[in-house]
Amino acid sequence: MSSLIDSTSSIPYGDDDGSDNNKVTPKLRIDPVAVSINLRPRQTAAAKEHFEATTPKFEVTKFKIVSTLAKKRWIQFALIVPNQLIFWLVIFSGLFGTLDPGLNFATAITWYIWFAIVFVLMVVVGRAWCSMCPFGGFGEWIQRKTFFQRTQKSLGLGKKYPQKLAAYGLISSAVSFIVLTFLEEFFNIAGPGTPADTAFMVLGIVLFATSSFLIFERRTFCRYLCPLSGLIGSIGAIGAAAGFRTKDRDVCYSCESKACMRGGEEGYGCPWYTWPGSAESNSLCGLCTECYKACPSSNVGLFVQPPLTSVIAPSRKRMDIAVVSAMLLGLVVFQQVNALNIYTSLDNFLNSHTPFGHYPNVLDYVGLIALFALVPAALFKVGAVAFSNITVKADKDLPFLERHSAFRNFFMVGMYGMIPTIGADYFARQLPKFFNHATRIVPAVIHPFGGTNKFLYNYSMLGTHGIITVQLIIMAVGVAASVYTTYKIARREIASSNRNMATLYLVSATLIMGIAVALLYIPMQAAN
Amino acid sequence: MKLFSHNQETHTATAVLTDRCAGCQECLVRCPTNAIGFNEDSWIVEINAELCIGCGQCERLCPFSAIVIEKELSVLESQLNRHYEPTGSVFLSVQETKPAITSFDAALFEASRCLECPDPTCVKGCPAHNNIPLALKNLRDGDIDGARSIFQETSHIGSICSRVCDQKSQCEGACSLALAGGEAVSIGALEKYIFDHSNGSISHFSETAKRVAIIGSGPASLGACFRLLEAGVEVEVFEEKDYLGGLLNYGMPDFTLPFETLDKVIEELRTAGVTFHTNHHVSDEELKQLRGNFDSVIVAIGANLPIRPKVDGIESAVSIDAMDFLVRYGQSIRESNVEYELYGKKILIVGAGNTAMDVARVARRLGAEAVSVEWVNSKFAKVRPDELEEAITEGVDVRFQTTLVATAGRLATLVNTTHDDPSKLPSIIESSKYTEEFDLVVMALGYRKGGDIELVEPQYTLGETPSPKWSASGILSKSHNHNQQIGSTSWMRERKTRAVGSKDNGGIIAVGDFLYGPATVVEAMASGRNAADRIIAGM
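Chains as they are written, first to last, in this note's numbering: chain A, 1 to 528; chain B, 1 to 539.
Among these hints, one or two may not hold up.
[What the hints assert, rightly or not] Cut-off 25 Å, straight-line C-alpha distance, at most; resulting in silico cross-link-like pairs (PhoX-like, lysine-lysine): (1) B:241 with B:478; (2) A:71 with A:317; (3) B:241 with B:288; (4) A:164 with B:478; (5) A:164 with A:145; (6) B:449 with A:153; (7) A:64 with A:145; (8) B:424 with B:449; (9) A:396 with A:164; (10) A:159 with B:478; (11) A:153 with B:345; (12) A:160 with B:288; (13) A:62 with A:247; (14) A:381 with A:247; (15) A:145 with B:478.
Quick caveat, the hints were computed from the structure, so don't treat them as lab data.
What you are looking at is a predicted structure, and each value in this text was computed from that prediction instead of being measured.
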């Protein structure tokens, strides 16, 4: 008797409350709730084929040290805290430190070092930054009312992201990235300009993030609103971290709890709205370890994959990622072009002839980004017209992500193919600042303590020619990866009897666009 | 099949958020109308707007809130008249007042409104977890006895529960249609119809020489009795009153639960071999002896210590406790020997809960004027809305935010209160005092557990987090039409009914109201049944 009474089982009528029950006939212990459930069959016959190419083989969590750490509730807190300290230091130092941007910790770390680190992390790992991000972390602490414990009640309104915007996936994030970049150019924050501006920008992001966390549920901010989400979500797909995935998909299907989605005793439901049971890309896995903790069957693992897998292999290519990639290409090419004299002339002309009188002129900012984003769209449209001989009935009633057309077919293949080039471009674009000024972090750190030594202040790790060479090498690697990626995707996804010609066209288009943006680095002369 | 389906004219929409649907198909397997399909290319679900009837279960259960259903519920409208309209005077009436189904055709129609949800939420809302959809399916197939036997797998006292349960906060509140903001299937009325038009029997699944004693003969006791009989256990019941049924007897007036209904259930038990000892009070001492003579003892003595108000001069007034009132006058009505001593008298009932309403309605049946005062705001009152409505219809004067502060002979001093925050007690408005004459004051402030059997603390056997079977059905999300969190309320009830209290490490099990304080009949029944299950499992 006592074993029955002392039971702490959480499942009604479950036969798990003591060995005494083994004597009991099933008739006695039928769970009336379970008896009344009569579910329809699931449709999972196509799962094997659908997920075959993206299923990662190498599980990192099979190493004891990794699995032990990933099970700890404090692990993400431990990753966030150092970054959190740095960014509060940035705010403090930006507001109260020296006015010299080169010597101020705020500007030095943010614009010379942090951006470069984020890009490396992104390309190598994927959403590694998201797992340690101080902004998301701060908002989440408040939302969950705890630093790292599993609480059951959250703070805030818990609203869903508006349906109409959510239907466009990560495009919201790309828009906020373009807006943030505009503000940063407008106020010359990253120049770097006045350190206080950097502090205000960081504070602004903290406020934006925290208020979003209080309005929306889970990590709606991180997925849809964070300026970096679209960037990391698309370019991060190059990375070798596959993220948290299921070990045995059938276990996931038959799982009663779906604790990885809804939350379980040990972990929250996925804050990113990603189900390990159907994830086929690392794009939307924030590496937060919650599903790993929540899974009642220990059926989730952290996996690594060969680079580019999440770009090439997913059966379901997402239109929002393709559009985000085009927008990001437009933005980075704009940034390349704005280092050229011809842009300065255009901007000055528009500033004196339109109501907007400040660099960067809204018209040329938006116009040029749109123009450079439309170039690949136009090229792929031409390809679709020329080589697609299948007819896909366009259904306007379908939501954005689900529509089909010959153009979309080509555009998605092409833009996914361009992802390595775009990633290389963002990285190369960042290099002059890194090579010319990264060493300033040393005097910037010493400065508040009375250090006046400027010996690393004007130290360039590489000369102009050296930087251009490195930029071109990185671009060459990116473009080569794009050619390979485009080829691989096109072979599988182009719905045309003319597949060989179509593939050749798509590969050539990515190659030509890649070479064009790479060559821009020569006249840019390693400008910041 | 369309993923987004907007109807411009009716502004309805069914949508799958294609960005967030993870293809887990939790919705697909639970859709009552098979309106959800699966797109193997995108690995997401699709809604067939033409098959969708707008019950919104998918929207409630989607783990990633990836489904939006903005659609009027399109199901058959109930033809059952749910509003109480007394026919003629209530004077001396023992007519049942709850809505009833009067014909087989009407029963078929109402039963056909059931969607037969693959993962029925009503079953979770019912504290006994009756398999309602299956029972109603049997009824639709014309098999009333079959329907009854489905109910009897989890509860033998359907004839009682169907009459006394607050279905709005249980099965009917959890009905998919109610959660979607519509009119629930009238499960209570159907259950009543099924039990009143069929005959039950106790099916034995094992034989044993074990003997169990049960202290008390209320709903918890009845629940345990039936379950123990099924297992072939010999049962003896010890009741301290001279009548059986505990609260079910006089605590439920005949216009709610006719005596014949209760009597039929008790006779069923007696016929099946249960020995009833009435007028037998079991003390803590005797309990130990019983423990020696029986294999197990279940203590189901309820919570029946009346809570008394602090009122100046109450001893000078003619006052009586609600239960004493109900027994005395309920008996006189039932046995048709009414002495008309309350006729034309004015009665003050302190409290406006469900017992207070019963008192007031009995008083009305005896020709008295009944005033019920309750110091909380009507918005936060614990009374069942249907009982309150019925009482007011019968002419009971219910005054919320009013309380009794003093009595002097027939003169009662009443006062108004302010009460805007349910988490705080109401505060008295001193300036609003007024006096009124009453012939009798009835205390109906509720009950607490107590007595000379040592109290046993409940031990919860369930964690706070609802089990997957609950969360997966979507019952835990907020329902459309009321703010009541029907799912978490049901889960709280589940935790209660699954709790047991044990003394001396086994052998004596405390259940029902005695264990966790005043609750409902069906919870007590389920609690008793659960204790019986534990005894059987231990054998």
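Hint check:
| no. | hint | in the structure |
| --- | --- | --- |
| 1 | B:241 with B:478 | violated (44 Å) |
| 2 | A:71 with A:317 | violated (32 Å) |
| 3 | B:241 with B:288 | holds (21 Å) |
| 4 | A:164 with B:478 | holds (23 Å) |
| 5 | A:164 with A:145 | violated (30 Å) |
| 6 | B:449 with A:153 | violated (32 Å) |
| 7 | A:64 with A:145 | violated (30 Å) |
| 8 | B:424 with B:449 | holds (24 Å) |
| 9 | A:396 with A:164 | holds (15 Å) |
| 10 | A:159 with B:478 | holds (13 Å) |
| 11 | A:153 with B:345 | violated (53 Å) |
| 12 | A:160 with B:288 | violated (59 Å) |
| 13 | A:62 with A:247 | holds (11 Å) |
| 14 | A:381 with A:247 | violated (40 Å) |
| 15 | A:145 with B:478 | holds (22 Å) |
Going through the hint list in order, the structure does not satisfy hints 1, 2, 5, 6, 7, 11, 12 and 14.
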